[in-house]
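Engineer: Numbering (my numbering), first residue to last: 1 to 273.
Just so you know, these hints were derived from the structure itself, not from any lab. Every residue gets a Cβ at the ideal spot worked out from N, C-alpha and C, and that includes glycine. Please note that the accuracy of each hint is not assured.
Claimed, not checked - With beta-carbon atoms standing in for the labels, derived distance ranges: (1) Ser260 - Ser122: 48 to 56 Å; (2) Val216 - Gly46: 36 to 44 Å; (3) Arg164 - Ser83: 24 to 32 Å.
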Amino acid sequence: FASVYLAPIKLGFPPQEFKVLIDTGSEVLWVKSNACANCPRYNRLGMPLNFFESAASSTAGSLPCSNQFCAAATRTAATHCVSHQCSYTIQYADGSGTSGLYMTDRFYLSSISPDSMVASSSALVVFGVSTYQSGALVDTYNEFDGIFGFGRGDLSVMSQLSSRAITPRVFSHCLKGEGTGGGILVLGQILEPGIVYTPLVPSQRHYNLYLQSIVVNGQMLPIDPIVFATSTRHGTIVDSGTNMIYITEKAYDPLVNAVSNFSFPKLVKCWDE
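Input sequences plus hints: build the corresponding full structure.
Structural biologist: Structure follows, in structure tokens:
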């Protein structure tokens, strides 16, 4: 999980701060529980990671199985009941996974007015508290305390807040930092004349784009447009939770051949090495 986009958030009362990975490819916000037995306590630099302590928050509450959110189906999270509490199991595309209990607690927001004044507020949200992790999530190279899913489903914090008219159903992610990180994440729209927009494919679980072609050094690659067509199991999505670009082999081969003409050393398929 190197070179990913992280953001600080606060949960509970008094607030507990966490550093979370921003992931547009999933829907659930979760942080690690202090009861997680196999979660790394320190990162590779020996710095302590943060864990949610529900007993330390006076506003924390469990989510009963009868709650509407417990029945919400997502692509990545399976919900079930454990001792009448709503729990989850999440499996990610890289094979890693996590499981735990859903809870409700305060989520803190900083509001910026047109005259640049900042005001703080909070709202109750449903989020996950993980008690088990597997795969790459137990790697000490990870320097985050959880994952903030920004998908379109009902369980995403963005959907929860917008359904109660607390924030608009839109977010803006400005990536900046010139190699040192930085940027800003906004629950709402940034009005900037220089922004260029592209439409999203409607009625999709993820943020699908209408990818039409690939151009290298001014030359359009000879790729059949049908390769990029969106269907139930195919299409092009924006996923901030990964630092890799994945494309079908019918587009990959022409792209590698074109880029290899302008790069040294030559690019090769990872499975050919």
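Engineer: Each hint should be assessed against the structure and marked as holding or not.
Structural biologist: Hints and how they fare:
no. : hint                        : verdict
1   : Ser260 - Ser122: 48 to 56 Å : holds (52 Å)
2   : Val216 - Gly46: 36 to 44 Å  : holds (43 Å)
3   : Arg164 - Ser83: 24 to 32 Å  : holds (29 Å)
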